[in-house]
Amino acid sequence: MDLDLMITSFPKLLGATVVTLKLLSASLFFGLFLGLFFAILRLNKNIFINKFAYGYSYIFRGTPLLVQIFIIYFGLGQIEYLRTTFLWVILKEPYWCAIIAFTLNTGAYTSEILRSAFQTIKPGIIEAGKSLGISNKIIFYKIQIPIAIRQSLPAYGNEIILMMKGTSLASTVTLMDLTGVAKYIISTTFKPIEVFIVAGGIYLFMTFIIHNVIKYLEKKYSFQQ
Amino acid sequence: MELLAFGKTGWGDELFYATLMTIAVSITAMLVGFFFALIFTPLKLSKYKTLNLVGNFYTTVIRGVPELLVIYLFFFGGSGAIMYVASIFGYYEYIEINAFITGSMAIGIISGAYSTEVFRGAIQSIDKGQFEAAKVLGINKFGQFYKIILPQMLRLAIPNLSNVWQITLKDTSLISVTGLVEIMRQSYIAAGSTRDPLFFYSFAAVLYLLLTYVSMKLINKLEARYSRGH
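Note that the protein sequences, when read in sequence, are chains A and B.
Going by my numbering, the residue at position 150 of the first sequence is 150; the numbering climbs one at a time, nothing skipped.
Take any residue in the second sequence, note its place counting from 1, add 225, and you have its number in my numbering.
It should be emphasised that the hints constitute simulated quantities derived from the structure, not laboratory data.
Watch out, some of these pointers could steer you wrong.
[Claimed, not checked] Stretch-level coverage of chain B by chain A, calculated; a stretch enters the list once three of its residues show a Cβ under 8 Å from a Cβ in chain A:
1) 272-285
2) 320-334
3) 348-357
4) 416-423
[Said to hold, decoys possible] Which residues of chain A face chain B? A partial, calculated answer using Cβ under 8 Å:
5) I71
6) Q151
7) T174
8) T188
9) P192
10) A199
The C-beta atom is built at its ideal place from N, Cα and C for all residues, glycine as well.
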C-alpha cells in the first residue's frame with residue numbers, strides 16, 4: 001500500500017469530482033424534462049405518437065451508453081451539413097456531446113419510470129378531480145404530476161445512481177472526470193489498487209448521499225397515515 | 226452496404242466474429258457472476274453479522290462504483306495480482322493474462338453483485354412453510370436446497386435475471402477499452418480505417434439491439450417453461 005500516493009492523488013481526484021457532478025446534474029436536469037415529455041407521449045392514445053415514444057426508449061435502453069456517446073461525438077461530426085449550422089458549436093465540444101448522450105439515455109429510463117408511475121395513479125383520484133369541476137389541465141399539473149413524482153422516487157433514485165456511474169464514460173471522449181483522472185494516475189504510477197480505493201471511495205460517498213437524500217424525500221412526500 | 230461485405234473488402238466477417246466475441250464474453254461473465262452470487266447470497270442471508278457485512282460490502286461497493294473503474298482496476302492490476310500470488314509459490318516470471326479473461330472477470334464480478342441481489346430477493350420471497358415442510362419430511366440440507374428451494378427460486382428469479390443479463394450484455398461494450406475485439410472495439414477499428422464512424426457505430430447499436438431483442442425472446446420462453454403450473 002502506497003499511502004503517500006493515496007494522499008497526493010486525493011485532491012486531484014476531488015477536483016475531477018466537480019466535473020463528474022457537473023455532468024451528472026446537467027444531464028439529470030435536461031433528462032427529467034425529456035423523460036416527462038416522452039412519458040406524456042407514451043400515454044397518448046394516438047398509436048404513432050405512442051410508438052414513437054416507445055421506440056425512443058427501446059433504442060436508448062437497448063444499446064450501451066458507450067455506443068450512444070460514440071455516435072454523437074465521433075459520428076455526428078461526419079455529417080457535413082451539421083458542421084455549417086450553429087449546432088456545430090455544441091457538437092464539437094466533448095463536454096456537450098457527453099451531456100447530450102447522457103440526457104438522451106437518462107431521458108429514456110426516466111420516461112419509463114414516469115410512465116409506470118402515471119399508470120399506477122388510481123382512476124378514482126382523477127375522477128374526484130373531475131367531479132370537483134377542476135379542468136383537465138389543472139388535474140394533470142396539480143394532481144397527476146405530483147403523485148407521479150412521489151410514486152417514482154425510489155426508481156428515480158436508482159436511476160440517479162446509475163447515471164452517476166454512467167458519467168464515468170465521459171472519460172472515453174477525452175473528458176477528465178473522476179474516472180478519467182483515476183485512469184490517468186493509474187497509468188502513470190501503475191498503482192491501480194490505491195487509486196481505485198480513493199476514487200471508488202469518492203463514488204461510494206456520492207452514492208451514499210444520493211441514497212439518503214432520496215430516502216428523506218420519500219419519507220417527506222409519503223402519505224400521512 | 227459494401228462496407229459490410231464479407232471477406233477482405235468489407236467489415237462483415239470481422240463484425241460477425243466480434244458479435245460472437247460479445248456473446249462469449251457476456252455468457253462467461255454471467256456464469257462468473259452466478260459463481261460469485263452462489264458464494265455471496267448465503268453470506269447475505271446468514272444469521273451471522275460478520276458474514277452479512279462481507280456480503281453487503283461486496284454488493285454495495287460493486288453497485289456503487291462505475292463499471293469502467295472496476296475494469297481499469299482489473300486491466301492494470303490483474304497481472305500484478307496474479308504475479309504477486311505466483312511469487313509466493315516461487316514463480317517470478319512475467320505473467321500476462323489475456324483481455325478475454327480480464328474482461329469477463331471484471332464484468333462477471335459486476336454482474337455477480339446484481340445476481341446476488343436477485344437471488345437474495347427470490348429466496349426471501351419463498352414461503353417459510355416450504356423450508357419447514359422440507360425439514361419435517363426429513364430431507365437433508367442438500368436436498369432441501371436443490372430439490373425444493375432452487376426450482377421455486379428460479380421461477381421467481383428469471384424475470385430479474387433477464388435484467389441482469391441485459392446489463393451484463395451492455396457492460397461488455399466497456400471491455401473495448403482493454404483492447405478485446407468485441408463489437409465496440411471492432412467498430413472503433415473499422416470507423417478509424419474507413420473514416421465512417423457514423424455508419425459503424427450506428428451498426429454497432431443495431432447489433433446490440435438485435436442481441437437484446439433475441440435474448441429477450443429466448444428468456445421469455447424460459448420464463449414460460451419455469452412458470453408451468455402457475
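(Q) When the structure is checked against the list of hints, which entries are broken? Sort them ascending. (A) 1, 2, 3, 6, 7 and 8
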